[in-house]
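Peer 1: Under the UniProt record's numbering, the first residue of the sequence shown carries the number 1, and numbering increases by one thereafter.
Calculated directly from the structure, the hints in this document are not laboratory data.
Given the structure is predicted, the values throughout are model-derived calculations rather than measurements.
Just to be clear, a hint being listed does not mean it is correct.
Said to hold, decoys possible - Okay, the calculated beta carbon distance ranges per label pair:
hint: 1; residue 1: Asn80; residue 2: Glu60; range: 29 to 37 Å
hint: 2; residue 1: Ile99; residue 2: Gln152; range: 14 to 22 Å
hint: 3; residue 1: Ile115; residue 2: Thr64; range: 26 to 34 Å
hint: 4; residue 1: Asn102; residue 2: Arg12; range: 22 to 30 Å
hint: 5; residue 1: Arg133; residue 2: Lys83; range: 36 to 44 Å
hint: 6; residue 1: Met141; residue 2: Gly16; range: 29 to 37 Å
hint: 7; residue 1: Gln47; residue 2: Glu131; range: 34 to 42 Å
hint: 8; residue 1: Asn102; residue 2: His82; range: 37 to 45 Å
hint: 9; residue 1: Ala142; residue 2: Met91; range: 18 to 26 Å
Beta carbons are placed, not taken as given, at the ideal position from N, Cα and C, and that holds for glycine.
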Amino acid sequence: MRTMSAGILLYREGPGGIEVFLGKMGGPFWTRHPRAWSIPKGEHTAQEPPLDAALREFAEEIGTSAPTVEYTLLGVFRQNPHKALTVYSGMGDEQVRFITSNTFELEWPRRSGVIRSYPELETACWFPLDEGREQVVAGQMAALDTLSRLVQDL
1 MRTMSAGILL YREGPGGIEV FLGKMGGPFW TRHPRAWSIP KGEHTAQEPP LDAALREFAE
61 EIGTSAPTVE YTLLGVFRQN PHKALTVYSG MGDEQVRFIT SNTFELEWPR RSGVIRSYPE
121 LETACWFPLD EGREQVVAGQ MAALDTLSRL VQDL
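Please model the entire structure based on the sequences and the hints provided.
Peer 2: Below, the structure written as structure tokens:
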């Protein structure tokens, strides 16, 4: 069975062109990973509409509600063979900023018996679109490419 996730990819017009809002994933797996940035997102059930889930997850991971704007479905992107990510885009502005993230618990180091709490996102910030493509996890690059094509047509 495929895991379903949904996320919000905010963009804005920056001084050098389009910028995207990404979060740096928390926890020990991502500490030294070069591509540790992600669209704010999370899992949802088949009964929860993906946009509702994306808005909920944005608030949980960023610490504030997503802007009240029109959201466009960018598409459904395969993260791995068992996970699909539905991404919505919307226009953000300078008011959008990271406040705090919810946390998860994990035994770390593995098999140590020590349970620690980690933020789902350590921080979030705006990136120029090209730099965001270099920082985002590989499975989400297609979403940024789709956004790039969409905003060129505006």
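Peer 1: Flag every earlier hint the structure violates by its number, smallest first.
Peer 2: 1, 2, 5, 6 and 8
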